[in-house]
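Asker: All chains, full assembly: derive it from the sequences and hints.
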Amino acid sequence: MPNSITVMLHAAPWLLRGAVVTLETSLLAIALGLPVGIGLAIAMRSRLRVVRAFVRVYISFARGTPLIIQIMLVFFVLPSLGLDLPRFAAGVLALSLNSGAYIAEMIRGGLTAIPKGQIEAARALSMRPALMWRHIILPQVLALILPPLTVEFTALLKGSALLAVIGIVELTRTGQQMVATTYKPLEIWLTVGIFYFVMCYALAALTRYLERTTQVYRTV
Amino acid sequence: MDFDFSVVAFGLPILLRGLVNTVLFCVVALPAGLALGSAVALLRLSRRRIARLPAAAFVEIIRDTPFLVQAFLLFYGLPPFGIRLSAATAGILVLSVHSGAYFAEAIRGAILSVPKGQLEAARALGMPYLRGMRRIVFPQMLGYLLPALTNQIIGAIKDSAVLSVITAPELSMAAQMVLGESFSPVETYAMVSVLYWALIGAVSAGLMRLEKRLFRAAVVIPRTDTTRLPLSAIETTAS
Amino acid sequence: MIKVQNLHKHFGALHVLKGIDLEVAAGEKICIIGPSGSGKSTLLRCLNYLEEPDEGTILLEGAPVGGVETPTGRRRVSENAINQVRASIGMVFQNFNLWTHMTVLNNIIEAPIYVRGLDRKTAVARALRLLDRIGLSDKKDAYPSQLSGGQQQRVAIARALAMEPKVMLFDEPTSSLDPELVGDVLDVMRTLASDGMTMLVVTHEMGFAAEVADRVCFMDLGAILEQSSPAAFFHGPSNERAAQFLAKVIGRNPAM
Chain A
1 MPNSITVMLH AAPWLLRGAV VTLETSLLAI ALGLPVGIGL AIAMRSRLRV
51 VRAFVRVYIS FARGTPLIIQ IMLVFFVLPS LGLDLPRFAA GVLALSLNSG
101 AYIAEMIRGG LTAIPKGQIE AARALSMRPA LMWRHIILPQ VLALILPPLT
151 VEFTALLKGS ALLAVIGIVE LTRTGQQMVA TTYKPLEIWL TVGIFYFVMC
201 YALAALTRYL ERTTQVYRTV
Chain B
1 MDFDFSVVAF GLPILLRGLV NTVLFCVVAL PAGLALGSAV ALLRLSRRRI
51 ARLPAAAFVE IIRDTPFLVQ AFLLFYGLPP FGIRLSAATA GILVLSVHSG
101 AYFAEAIRGA ILSVPKGQLE AARALGMPYL RGMRRIVFPQ MLGYLLPALT
151 NQIIGAIKDS AVLSVITAPE LSMAAQMVLG ESFSPVETYA MVSVLYWALI
201 GAVSAGLMRL EKRLFRAAVV IPRTDTTRLP LSAIETTAS
Chain C
1 MIKVQNLHKH FGALHVLKGI DLEVAAGEKI CIIGPSGSGK STLLRCLNYL
51 EEPDEGTILL EGAPVGGVET PTGRRRVSEN AINQVRASIG MVFQNFNLWT
101 HMTVLNNIIE APIYVRGLDR KTAVARALRL LDRIGLSDKK DAYPSQLSGG
151 QQQRVAIARA LAMEPKVMLF DEPTSSLDPE LVGDVLDVMR TLASDGMTML
201 VVTHEMGFAA EVADRVCFMD LGAILEQSSP AAFFHGPSNE RAAQFLAKVI
251 GRNPAM
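Residue numbers (this note's numbering), protein chains in the order written: chain A, 1 to 220; chain B, 1 to 239; chain C, 1 to 256.
Since the hints were derived computationally from the structure, they do not count as laboratory data. Please note that the accuracy of each hint is not assured.
[As the list claims (entries may be wrong)] Derived DSSO-like pairs (lysine-lysine); straight-line CA-CA distance at most 27 Å:
(1) Lys121/C - Lys139/C
(2) Lys116/B - Lys212/B
(3) Lys121/C - Lys116/B
(4) Lys3/C - Lys18/C
(5) Lys3/C - Lys212/B
(6) Lys158/B - Lys116/B
Answerer: Here it is, written out as structure tokens:
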């Protein structure tokens, strides 16, 4: 038993470095996923049927296929299309594209929550659509989707574990390396689990806090 | 980019066999997960803290750690202690436990959606708690449960793809085999993603149809519930 | 028949019931009135253990309901015992609580069959008789969502009566009803009263209380401040808060 604790404590600093990479990938993924999601959400309301169909297919694919397959697709298929990205970028791109689809759905839900009267008031004041979006709609929607966004970020933290399969040295990959050197899979994977748990649990607490505090601004 | 269709001809049969395995994995793991989830949900709703806390901890731990890490823990963590599970067994096991935690939340949410007064009326009439849950809460809960359940089932199918990393013989693993022979990632992954997409699409559509049929029976004009009484019994109540 | 001694109940920091003492004889009709938050519903719900008291004893025909005070502290009665006692106490809720996925008939026969172990034939016969008494025989195969509030509440009363209880508890039975439906429910309750049922009714219907009650209990802030006959109470309660409450209520109901 004490031997196990020693192993876990020795592995911790390395795993911590891996956890930092995990956080990096997740933060980048959500930062890129937001514009993707916003773009998709706007495109959903396009007057062109082709555009709307494309968005529907995109979201259906992103939500209807496993993330690990999407990561493989981006990593292996993109080079044949001429885009040779380093593996870190490819991984983050896959996560962002996936996130974007879920964020688009969140925004769609958020848009329906905004009272129609606000948009009517904006139109009555002759606001251009772009201005309306930037000043009235998006700020409110972004506030509304803050709790689900933290849930998505939690999902990204967990999803980033799959980046190990394309060789990105985040927390899980570091764990694999540690197992290979220490031959103590149980201790290592328990420690890896603890790292993820701490990160995700903190985020879950943040989500609950946000849900409570944004309640005030939500109802009119 | 040219698409090599010979890879499709070669790989598709292998992938289809993998798809069958994925379906089999889910067919075994999902009911197990539902059973586990129901038990955990009831424990979380218990009056006693000694039942509530471990159940809540279980759900929180499973939901706040990646599925891949859980799979690694089960598959690689146990052999040093003598427990050597096959990849398929370990895969089904971790899939059951993982989905079980998520099912527990869906079930708990559905139970809490049933108005409190329904069960209270049952208890006030002297009905024991479990009987009240079974006869009164459970039937009403199903209507709330099905949408949430559909989401979790689809999640489980997507999670099963991760099991390829512990070499469980399902669809993604089959993809690795095809890749190893053909060296054509574009064609292989294109086929694999279409197969998953189709599977999830079909399951989703099927469950949605089931939802519509169940809801139709509960909400719209119901069939008259004849009590199959002999005429004589009705006549005696005419007093 | 019912004896309540020194009943205390807290909801967190809120002391909702402050040492309630109450005795109800068989066949007596008690109306409990008072402002909101006085603890009326909580008291009623303690009587069939839907709320767990913190202190005090409740006895139904000498048998404890829920908990007993022993020298070593409070001891909870067994689950089985609680269910058995509940079977002989009927309760009617403010929002009816009819089971929405079952027909009217099934609502009524469910408890007799599954709790009392009655066979289906007898249970149905009993249910049909009760439905006839409340005038809703034609609705036996309807679902609660197809009935008006007043009809649902009458069915709820029938459901409680199907267990042949010794005492009936009514928790603001007409408070959720549109005014024109209140009368039908009160009629059923009046019939029940004249048939000799022991009843405890928490209500805002002063006319009903004046007419049917043997005793009126006024509650405020967790204590029973006055208990008297309806005649005495409605002509002039001795307790000051009771008088204030009555003045406000009658001020709105000149018919009294």
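Asker: Determine for every hint whether it applies to the structure shown.
Answerer: Hints, one by one, checked against the model:
1. For the proposed pair Lys121/C and Lys139/C, the alpha carbon gap of about 19 Å is at most 27 Å, so the pair holds.
2. The hinted pair formed by Lys116/B and Lys212/B meets the criterion: a straight-line CA distance of about 25 Å does not exceed 27 Å.
3. Simply put, Lys121/C and Lys116/B have alpha-carbon atoms about 30 Å apart, too far for the 27 Å limit, and the pair is violated.
4. Distance check on the hinted pair: Lys3/C and Lys18/C sit about 16 Å apart at the alpha-carbon level, within 27 Å; holds.
5. For a cut-off of 27 Å, the pair hint linking Lys3/C to Lys212/B is broken: about 52 Å separates their Cα positions.
6. A threshold of 27 Å between alpha carbons decides the hint, and for Lys158/B with Lys116/B the separation of about 35 Å lies outside it, so the pair is violated.
The structure does not agree with the numbered hints 3, 5, 6 stated previously, though it agrees with the rest.
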